[in-house]
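Keeping their order, the protein sequence lines are chains A and B. Here the working numbering is used: the first residue of the first sequence is 1, the next is one more, and so on. Here the working numbering is used: the first residue of the second sequence is 302, the next is one more, and so on.
To be clear, the hints were calculated from the coordinates, so they are not data collected in a lab. Note that this is a predicted model, so its numbers are computed, not measured. A hint or two may mislead.
[Claimed, not checked] Think about it this way: if two alpha-carbon atoms lie no more than 27 Å apart in a straight line, the pair counts; the simulated DSSO-like pairs of lysine-lysine are: (1) Lys71(A) - Lys481(B); (2) Lys264(A) - Lys655(B); (3) Lys71(A) - Lys630(B); (4) Lys606(B) - Lys619(B); (5) Lys607(B) - Lys363(B); (6) Lys630(B) - Lys455(B).
[Stated by the list, open to error] Here are some chain B residues pointing at chain A (derived, C-beta under 7 Å): (7) Asp379; (8) Glu541; (9) Glu658; (10) Glu660; (11) Ala668.
In this text, a Cβ means the ideal position worked out from N, Cα and C, and glycines have one as well.
The lines below spell out each chain.
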Amino acid sequence: MEQTWRQAKAAFAAIAVPPIAWLFLFFLVPLAVVWGYSLGENTGPTTIDVTGTFANYMRAVEPLYLEIFGKSLIIAGLTTVLCLIVGFPVALAIAFASPKTKAWLLLLIMLPFWTNLLIRTFALIAVLRENGYVNAILEWFWNGGSGLMALVGLQPLGDFEPLTLLYNNTAVVIGLVYVHLPFMVLPLYSALDRMDRSLMEASLDLGAGHMRTIWSVVVPLAAPGIASGVLITFIPALGAYLTPDLLGGTDSQMIANVIERQFKRANDWPFGAALSFLLMYLTFIAIAVQAFVQRKSERRG
Amino acid sequence: MAKGKYLGGASRRSILQQFGAAAVGISFGGALSACGGGGGGPTVNFYNWDTYIGPTTLDDFKEATGTNVNMSLFATNDELFARLRAGNPGFDVIVPSNEYVTRMSQAQMLQELDHSKIPNIANLLPEFQDASFDPGRKYSMPYTWLVLGIGYNKEAVRAKGLTVPDSWQYLFDDATFNQKMALLSESADLIRLSAKYLGHSVNGIPPAMLTQIEQMLIRQKPRVKQFHSDNGQDLLASGEVDIVLEYNGDIAQLMAAEGGDKFDFVVPKEGTLINSDCLCIPNGAPNTEGAHAFINYLLDAEAGKKITEEILFPTPNKATRDLMPDSYKNNPVIFPPADVMAKSEYGAFEGDEKSREYEEIFTRISAA
Numbered sequence: 001m002e003q004t005w006r007q008a009k010a011a012f013a014a015i016a017v018p019p020i021a022w023l024f025l026f027f028l029v030p031l032a033v034v035w036g037y038s039l040g041e042n043t044g045p046t047t048i049d050v051t052g053t054f055a056n057y058m059r060a061v062e063p064l065y066l067e068i069f070g071k072s073l074i075i076a077g078l079t080t081v082l083c084l085i086v087g088f089p090v091a092l093a094i095a096f097a098s099p100k101t102k103a104w105l106l107l108l109i110m111l112p113f114w115t116n117l118l119i120r121t122f123a124l125i126a127v128l129r130e131n132g133y134v135n136a137i138l139e140w141f142w143n144g145g146s147g148l149m150a151l152v153g154l155q156p157l158g159d160f161e162p163l164t165l166l167y168n169n170t171a172v173v174i175g176l177v178y179v180h181l182p183f184m185v186l187p188l189y190s191a192l193d194r195m196d197r198s199l200m201e202a203s204l205d206l207g208a209g210h211m212r213t214i215w216s217v218v219v220p221l222a223a224p225g226i227a228s229g230v231l232i233t234f235i236p237a238l239g240a241y242l243t244p245d246l247l248g249g250t251d252s253q254m255i256a257n258v259i260e261r262q263f264k265r266a267n268d269w270p271f272g273a274a275l276s277f278l279l280m281y282l283t284f285i286a287i288a289v290q291a292f293v294q295r296k297s298e299r300r301g
Numbered sequence: 302m303a304k305g306k307y308l309g310g311a312s313r314r315s316i317l318q319q320f321g322a323a324a325v326g327i328s329f330g331g332a333l334s335a336c337g338g339g340g341g342g343p344t345v346n347f348y349n350w351d352t353y354i355g356p357t358t359l360d361d362f363k364e365a366t367g368t369n370v371n372m373s374l375f376a377t378n379d380e381l382f383a384r385l386r387a388g389n390p391g392f393d394v395i396v397p398s399n400e401y402v403t404r405m406s407q408a409q410m411l412q413e414l415d416h417s418k419i420p421n422i423a424n425l426l427p428e429f430q431d432a433s434f435d436p437g438r439k440y441s442m443p444y445t446w447l448v449l450g451i452g453y454n455k456e457a458v459r460a461k462g463l464t465v466p467d468s469w470q471y472l473f474d475d476a477t478f479n480q481k482m483a484l485l486s487e488s489a490d491l492i493r494l495s496a497k498y499l500g501h502s503v504n505g506i507p508p509a510m511l512t513q514i515e516q517m518l519i520r521q522k523p524r525v526k527q528f529h530s531d532n533g534q535d536l537l538a539s540g541e542v543d544i545v546l547e548y549n550g551d552i553a554q555l556m557a558a559e560g561g562d563k564f565d566f567v568v569p570k571e572g573t574l575i576n577s578d579c580l581c582i583p584n585g586a587p588n589t590e591g592a593h594a595f596i597n598y599l600l601d602a603e604a605g606k607k608i609t610e611e612i613l614f615p616t617p618n619k620a621t622r623d624l625m626p627d628s629y630k631n632n633p634v635i636f637p638p639a640d641v642m643a644k645s646e647y648g649a650f651e652g653d654e655k656s657r658e659y660e661e662i663f664t665r666i667s668a669a
């Protein structure tokens, strides 16, 4: 493959230079500026001196902030696991659907992306709140059941107590799973779709059951897809800030909420930058782990 | 199911706030196109809160003076500050709140106003002609003022055996409304109002009292349903909470909406925080002449009436207030009783160090 671009260097350069310049100007340069801030000090309400101090990082690794990092990791991890459990059967079903159904199912998975995240989150609030649709449906069944019991001479149920579904950590995880599920399903689907079907047939012919085939054949073959799905679900979930802000209760603060407040209310950009970079280092570690998994599975294949 | 459909309504700190960066993008584009001088003639670039102007005010000003007004919107003072932090991108008139008037003037981001070009200053109520946060009104003219208080569901409060939840105790130090209350997620407001509850001024809170406040709020936290981002009126309307910390204007708008007679608003007896949104000219404004003329126009009695009829916030303008109907002038939600107002104060800007300290206290409370 390397031959082809070496033979057409000019064409390659023409195609590659704009995205590289874009990446450099609008990603690497701002990132470098923020990294500089993370080593700086506030010298006034609007001025920062980059002095090379580690004070911001020292403050960022205080137990208070490490605990918030830890909590964010747990919530993001839980979100990823739930996305994998829910997403794997869905991806499998899409991969084995007829070509026409497949297109429709993929469209359904992508449809939520056509709507702004904020609108979707507010929609979820309307569904989950005490006067929301979930509780309205439950109340309907409750009252129906209560009426039925009275009809057959039993003691009717008491008044319906709406479930508290919003403003707690469960709501945050539900919201994050809802938002990130497509990120998990799509890479899983592409891995499962490319899989050599004859290997599964061989497994079934040789006497393995369906579950055994999935565990011993499908999952190992789909490992790179699982790894990239886990990664691109975990990273944005770790940095989520809108979802905990809108769906969370009083103890649902995640690290991105703290970072946001440093850049806004606290007007402490150096400290906010240091927290952001700690988050980024965690991301790099996650990517390294993913690359490791991928290499291992390639070596096996 | 008619209940629970209310989604925010008009609010100066509206849904726009949540868009964050996206909103910055929108207003940034607006400001730049204005610099090109759209539509011919001079232009004033006005950076304002959402739903915070009369429906015809900008057109009326153009008719009166021939100057176009190009309005862009911001959602929080922090956003306004962040936009102008690295230099003025071309705004002529901005609307920071009192604390930020001090912060921005200290950061040399504001121009001194030429009072001779703003004769309508005479329309202002005497108590607004000068201000503790801007002595001599060097940098700012008052546009509106607002207070924090408790919005509540009348029936739910009665069910608890109360008539009016007229103390901060119910929000900060009490289990009566367990899991049926929400607080504003603004560190400084929470800490200052807690100090007020404990009998101290909202300013100059000593370190020992800060520790006491932190412990009190950590104790209270499990009883609080959410730290809301200024959508308290929505939480109240949808029945999620029975009492909520909110601004009077937001609850007044809810009460004016359909089904709003279930709700009421009270400024607790301990007194509260007063905020005032002010008109200022940032340094580097391209059109200072036009900016002065526009500020003067907004302080005009008739122009002010059209704005006030729309936004329903308290006006500091006596001439405007005199033109308004009794239903506005005598509304106890919009104009709280004089005795609690006498106990209320402006929150002073006490330096960036203090804001950071308050922020860290709030982070600790949330993490506890």
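Results of checking the hints against the structure:
In summary, the hint linking Lys71(A) to Lys481(B) is supported, as the alpha carbons are separated by about 25 Å, within the 27 Å threshold. Annotation: proposed proximity of Lys264(A) to Lys655(B) holds, straight-line Cα distance about 14 Å (limit 27 Å). The suggested pairing of Lys71(A) with Lys630(B) is violated, with an alpha-carbon distance near 50 Å, which exceeds 27 Å. At roughly 11 Å between alpha-carbon atoms, Lys606(B) and Lys619(B) fall within 27 Å of each other, so this suggested pair holds.
Note on Lys607(B) and Lys363(B): the hinted pairing holds, with a Cα-Cα distance of about 15 Å set against a maximum of 27 Å. Distance restraint check for Lys630(B) and Lys455(B): the Cα-Cα separation of roughly 23 Å lies within the 27 Å cut-off, and the hinted pair is therefore satisfied. With 7 Å as the threshold, the beta carbon of Asp379(B) comes within range of chain A, its nearest partner Cβ sitting at about 4 Å, so the hint holds. At its closest, the beta carbon of Glu541(B) sits 6 Å from a beta carbon of chain A; the interface hint therefore holds under the 7 Å criterion.
Look at Glu658(B): its Cβ only gets to about 9 Å from chain A, farther than 7 Å, so that hint breaks. The restraint placing Glu660(B) at the interface with chain A holds, with a minimum CB-CB distance near 4 Å, inside the 7 Å limit. Evaluation of the Ala668(B) hint against chain A yields a held restraint, the C-beta minimum of about 5 Å falling below 7 Å.
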